[in-house]
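Chains as they are written, first to last, in this note's numbering: chain A, 1 to 93; chain B, 1 to 121.
Hints in this document: simulated from the structure, not taken from any laboratory. Beta carbons: idealized from backbone N, C-alpha and C, even for Gly. Check the hints yourself; a few may be wrong.
Per label pair, the in silico range of CB-to-CB distance [what the hints assert, rightly or not]:
1) LEU63(B) / TYR80(A): 32 to 42 angstroms
2) VAL85(A) / PHE18(B): 18 to 28 angstroms
3) ILE32(B) / ARG81(A): 27 to 37 angstroms
4) PHE78(A) / ILE29(B): 21 to 31 angstroms
5) ILE29(B) / VAL85(A): 33 to 43 angstroms
6) MET1(B) / PHE78(A): 22 to 32 angstroms
7) VAL7(B) / LEU7(A): 43 to 53 angstroms
8) VAL15(B) / LEU17(A): 26 to 36 angstroms
9) LEU7(A) / PHE9(B): 22 to 32 angstroms
10) GLY107(B) / LEU7(A): 36 to 46 angstroms
11) ARG53(A) / MET1(B): 50 to 60 angstroms
12) ILE18(A) / PHE9(B): 21 to 31 angstroms
13) GLY107(B) / GLY52(A): 22 to 32 angstroms
14) ILE11(B) / LEU17(A): 15 to 25 angstroms
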Amino acid sequence: MIGAASLGLIVAVLLLLIRALRGPTLYDRVAAVNALGTKIVLLIGAIGFLLGRPEWLDIALLYALINFVTTIAILKFFRYRSFQVPMVRREES
Amino acid sequence: MADVLNVAFAIKPWVGSFLLLVGAIMGIIGAIGMLRFPDVYTRVHAASVIDTGAMTVAIVGMLLLAPTWTIAIKLAAIWLFLFITGPTSSHALINAAYKAGLQPLIGVEARKPRQSDEGTS
Chain A
1 MIGAASLGLI
11 VAVLLLLIRA
21 LRGPTLYDRV
31 AAVNALGTKI
41 VLLIGAIGFL
51 LGRPEWLDIA
61 LLYALINFVT
71 TIAILKFFRY
81 RSFQVPMVRR
91 EES
Chain B
1 MADVLNVAFA
11 IKPWVGSFLL
21 LVGAIMGIIG
31 AIGMLRFPDV
41 YTRVHAASVI
51 DTGAMTVAIV
61 GMLLLAPTWT
71 IAIKLAAIWL
81 FLFITGPTSS
91 HALINAAYKA
101 GLQPLIGVEA
111 RKPRQSDEGT
121 S
């Protein structure tokens, strides 16, 4: 049954990969990659339990951390076109 | 009382596997919504809501499968982190899309089939 769950998660990852590849805008792709990262975290945990090695949850936790930072970094880069935004406050806005 | 506890420990892995399977099916439903909805806002809605729910169900299932307390605490840490950062990253994504000037599809335009795949606003 855990194998069926892993297979279902793989199917979900493939469907999200279709949206990430043919998404019309940038934000579709970023949303698809973000959702795909969550599914990959669950998939790593499920395969760890399937193979009897639950220590893989460490890798899943690390993947979750990197996924969040990656999403925020991509959004910041495409909004300001730089990772180093000058620390001044605009007068208007 | 002891019989009830024995039965509970006997069915615990089955319940955990079943919840993990339910979480995977919810993930497939979210991915289908991600594929079929017409614009960015509805797609992120489907992905975000289903992600948090499916993640919670699947991690509760894995908690029932966990052999030791260390693994259970790691799973709780993963759940807490994903529960905080999933809605945060969805909010940041939609805020960036709105500030970039994407307009949501409303009314009749949202019902046209395959409208969003050719033209971007």
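Hints, one by one, checked against the model:
1. LEU63(B) / TYR80(A): 32 to 42 angstroms: holds (40 angstroms)
2. VAL85(A) / PHE18(B): 18 to 28 angstroms: violated (48 angstroms)
3. ILE32(B) / ARG81(A): 27 to 37 angstroms: With a Cβ separation near 34 angstroms, ILE32(B) and ARG81(A) satisfy 27 to 37 angstroms, so the hint holds.
4. PHE78(A) / ILE29(B): 21 to 31 angstroms: holds (29 angstroms)
5. ILE29(B) / VAL85(A): 33 to 43 angstroms: Cβ of ILE29(B) to Cβ of VAL85(A): about 38 angstroms, so the range 33 to 43 angstroms holds.
6. MET1(B) / PHE78(A): 22 to 32 angstroms: violated (60 angstroms)
7. VAL7(B) / LEU7(A): 43 to 53 angstroms: violated (29 angstroms)
8. VAL15(B) / LEU17(A): 26 to 36 angstroms: holds (31 angstroms)
9. LEU7(A) / PHE9(B): 22 to 32 angstroms: Taking Cβ atoms as reference, LEU7(A) and PHE9(B) lie about 27 angstroms apart, which means the hint holds.
10. GLY107(B) / LEU7(A): 36 to 46 angstroms: Holds - the Cβ-Cβ distance for GLY107(B) and LEU7(A), about 40 angstroms, lies within 36 to 46 angstroms.
11. ARG53(A) / MET1(B): 50 to 60 angstroms: violated (35 angstroms)
12. ILE18(A) / PHE9(B): 21 to 31 angstroms: violated (42 angstroms)
13. GLY107(B) / GLY52(A): 22 to 32 angstroms: For GLY52(A) against GLY107(B), whose Cβ atoms are near 54 angstroms apart, the range 22 to 32 angstroms is violated.
14. ILE11(B) / LEU17(A): 15 to 25 angstroms: About 36 angstroms separates the Cβ atoms of ILE11(B) and LEU17(A), which means 15 to 25 angstroms is violated.
Hints 2, 6, 7, 11, 12, 13 and 14, counting from the list given before, are not met by this structure.
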